[in-house]
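Colleague: Chains A and B, in that order, give the protein sequences. To convert, note that position 53 of the first sequence is 500 in this note's numbering; the numbers rise steadily by one, no gaps. To convert, note that position 198 of the second sequence is 460 in this note's numbering; the numbers rise steadily by one, no gaps.
These are calculated hints, taken from the structure and not from any lab test. Computed from a predicted model, the values in this text were never measured in an experiment. Even glycine gets a Cβ: it sits at the ideal position worked out from N, Cα and C. Take the hints with a grain of salt, since some may be wrong.
Here's a subset of chain A near chain B, in silico, CB distances under 7 angstroms, partners left out [to be verified]:
#1 E502
#2 D534
#3 M538
#4 G540
#5 V541
#6 S543
#7 L580
#8 G582
#9 S586
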Amino acid sequence: MHELVYLGLNSVGIITVISVFMGAVITLQTIYNTENPFLPSYIVGLGCRDSIILEFSSTITALILAGKVGSNIASEIGTMRITEQIDALEMMGVNSASYLILPKIIAAVLFNPFLTLISICVGILGGWGAVILTGAMTSEDFIYGIQYAFIPYYITYSLIKTVVFAFIITTVAAFEGYYVDGGSLEVGRASTKAVVFSSILILLFNLILTQLLLS
Amino acid sequence: MIRVKNINKSFYDKKVLDDVTVSFESGKTNLVIGRSGSGKTILLKSIVGLHEVDSGEIWFDDVLFNKLDFNGKQEIRKEMGMLFQGSALFDSLTVEQNVRFPLDMFTNKSPAEKIDRVNFCLKRVDILNANQLFPAELSGGMKKRVAIARAISLNPKYLFCDEPNSGLDPITAILIDALIKELTEEYNMTTIVNTHDMNSVMEIGEKITFIDEGKICWEGTKHEILHSDCEILNDFVFANSLAKQLRSSDK
Chain A
448 MHELVYLGLN
458 SVGIITVISV
468 FMGAVITLQT
478 IYNTENPFLP
488 SYIVGLGCRD
498 SIILEFSSTI
508 TALILAGKVG
518 SNIASEIGTM
528 RITEQIDALE
538 MMGVNSASYL
548 ILPKIIAAVL
558 FNPFLTLISI
568 CVGILGGWGA
578 VILTGAMTSE
588 DFIYGIQYAF
598 IPYYITYSLI
608 KTVVFAFIIT
618 TVAAFEGYYV
628 DGGSLEVGRA
638 STKAVVFSSI
648 LILLFNLILT
658 QLLLS
Chain B
263 MIRVKNINKS
273 FYDKKVLDDV
283 TVSFESGKTN
293 LVIGRSGSGK
303 TILLKSIVGL
313 HEVDSGEIWF
323 DDVLFNKLDF
333 NGKQEIRKEM
343 GMLFQGSALF
353 DSLTVEQNVR
363 FPLDMFTNKS
373 PAEKIDRVNF
383 CLKRVDILNA
393 NQLFPAELSG
403 GMKKRVAIAR
413 AISLNPKYLF
423 CDEPNSGLDP
433 ITAILIDALI
443 KELTEEYNMT
453 TIVNTHDMNS
463 VMEIGEKITF
473 IDEGKICWEG
483 TKHEILHSDC
493 EILNDFVFAN
503 SLAKQLRSSD
513 K
């Protein structure tokens, strides 16, 4: 429960803020780059929805969480390692890896899909807000576009990616933190490595999963 | 009783324990002394299984500890308590939760019984009214005491202390030493204390082992240590100018 709050609930704020701006910017860019009389205006809503569901909410959210949660996990476990707290756990007969890492993986894998769903909803609302505030197109067309040709499988695809990305973020960060050797400098390096490696793996698996799930 | 037979340990090309054979008696405070980097901590961590030895045997009474499987080692570890150099209290837990942690993990006691045991252990190390404080709010001496309370919460047969006095003022250091000695006698534990503090040696050293560059160089009592012929030991024991003066005046 503690991990759910620590790793999941505490990320709702940043995900909401980023998603609302992301949705607004995608919508405005689509409007200004599809000013063509042969294209129906509702295509903006459709494009905004599919971009957010298919890519932005799952992947961008994962990259942000790799920075926020990944560095947090690596530095927390790394500090426990260099201050001998992990040795103390082992001394007490506790399987330290299982005790420290497993709850974090479970929390992230369970909660991150909700973050993605929140990001999708808030992102689309952000786009709608941008339409209303700028008046660049009619609100009715945007809402029609959002409802047009909706494919529910895209949500499933996005959530599958989110679960895989959550696993990557927590395991890579925990690995880097768990095997820290040295002092505070090494903890900092482990934290950076956790973010870099998990980000690269997220992008790589994004490619692989897209090919596997959408081909 | 803990017996270590011919253990060797290397990190890459560097040999840190070289054919170490030593025994530690129960009901006594066994001290391992030596310079920084001499191999004391590695020896202690090898004994408790935090480092795997390359060769040799480590016996806890009649059990060959280093040949046990994971579960076997975990069972023996439930009978161990350890005080780490930096106390190693869990930052996110309060004093009470830290001391209660081993009880939560390994006993079926009721919450009330656990609290009673926690309060008993904290009282035994003279920590009062600090149950809800976090480690960051404690002084160095208090952290050591809480760590000792946590180490004795399961009534261990074996107690390991890695430089319990590091970072403490001389008076607090003597109090911590005295506490370790009292607890050792009270619970008839096999206690091993790593230190390079000569005050500790003279206060609580019943059996002393001197280690240098990973080798056991000398063993004896606190009375014998002042009259040893071992040159490396004498360099260590009489390292400061006051000790040198006392020794020359003694001669």
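Colleague: So which hints don't hold here, by number, going up?
Modeller: 1, 6, 7, 8 and 9
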